[in-house]
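Trainee: Residue numbers (numbering that gives the first Met the number 0), protein chains in the order written: chain A, 0 to 99; chain B, 0 to 200.
For the record, the hints were derived by calculation from the structure and aren't laboratory data.
It cannot be assumed that every hint is accurate.
Unchecked claim - With a straight-line cut-off of 35 Å between C-alpha atoms, the simulated DSBU-like cross-links for lysine-lysine are:
id: 1; chain 1: A; residue 1: Lys40; chain 2: B; residue 2: Lys147
id: 2; chain 1: B; residue 1: Lys168; chain 2: B; residue 2: Lys147
id: 3; chain 1: B; residue 1: Lys65; chain 2: B; residue 2: Lys147
id: 4; chain 1: B; residue 1: Lys65; chain 2: A; residue 2: Lys94
Claimed, not checked - If you want the footprint, here are the derived chain A segments under chain B, 3+ residues with CB under 8 Å:
id: 5; region: 14 to 28
id: 6; region: 44 to 58
id: 7; region: 80 to 89
Ideal placement from N, C-alpha and C gives every residue a C-beta, glycine not left out.
Given next are the chains, with one letter for each unit.
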Amino acid sequence: MGLSREQWVVMINLVVLVVLLVAGVLFGCFLRERKQVNLGKVTFGIVLVLIFSLGFSIGSNDELLGSLPHVGLAALVISLLAIVFSVFLVMVVRKLVGFG
Amino acid sequence: MIKYVLVVLLSGVVAGYANNMWGSVLVDGCVSYLFDAALLFLLFLMGLTFGLDREAMGKLRRAGVKILVFPCCIAVGSILGGLVGGFVLGIDVVGSMVVSAGFGWYTLAGPLVGQLFGAELGVLGFAVNFLRELLTIVGVSLWVRVDKYGGVAAGGATAMDTTLPVVVKFGGNDVLMAAFLSGFVLSLLAPLVITVIASVR
Chain A
0 MGLSREQWVV
10 MINLVVLVVL
20 LVAGVLFGCF
30 LRERKQVNLG
40 KVTFGIVLVL
50 IFSLGFSIGS
60 NDELLGSLPH
70 VGLAALVISL
80 LAIVFSVFLV
90 MVVRKLVGFG
Chain B
0 MIKYVLVVLL
10 SGVVAGYANN
20 MWGSVLVDGC
30 VSYLFDAALL
40 FLLFLMGLTF
50 GLDREAMGKL
60 RRAGVKILVF
70 PCCIAVGSIL
80 GGLVGGFVLG
90 IDVVGSMVVS
100 AGFGWYTLAG
110 PLVGQLFGAE
120 LGVLGFAVNF
130 LRELLTIVGV
140 SLWVRVDKYG
150 GVAAGGATAM
160 DTTLPVVVKF
170 GGNDVLMAAF
180 LSGFVLSLLA
190 PLVITVIASV
200 R
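Take the sequences, apply the hints, and build the full model.
Mentor: Pasting the structure below:
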């Protein structure tokens, strides 16, 4: 296949993500009978690590910091359109399928 | 929760800025390894949480295939919204589609889009999805007026956790199952769709 090295890396990452997720589900089913642990806090801790590294890459990029004031309006437009299209598509298709 | 998110994001920005000022004490690659490890662990944990939930599998089976209509419509609608938004704003449409494919999960979409498409789109990804969660909560009475499941649609991936209480309160108790399952499927789809678009670009 005519994929570049970077594209291969992305594809392999994708496979690794799916394998890890499935492994998590199987492991969870296996452990179900044991003592319950609260994973919510652990998950949130990991999420915070992700957010810190995002902040780090924003903070160490001078060009990016200068462009930040422009992002707000674009973000508002895109998120509103994404919501509106989702809501209307759900409304139309739900009537076609006859759900609920 | 949002309070902690903002504090950590801000301290990350300050740390990154300071690191840059003082001539890269910490190499950038070091932080990106930290990110990769955290993301992989997070995916495993999400799977583990689902597997541990005694009722999750049964709920999925009982609702049937029809319930997949919701996440499919929401995924297509979100990406379509991104496409139209890209045209309206006159920016790269692939970029605007990718950021809207976060489906509201800003803690994932921001860092992941940043990793794959550069930090600038990462910021847009964070902002778009953060605003989506905010606009879902703020505008929920409007969304449910269009359709009973409008809150589920607006919430996207967040309909399974952060916006679930509001979506159910305004849509009625019978949207609960659709909200959770749709949010769950979209949470799985978000990283997949983003990486697939990155790989075919």
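Trainee: Check each numbered hint from earlier against the structure, then list the numbers of those it violates in ascending order.
Mentor: Every hint satisfied by this model.
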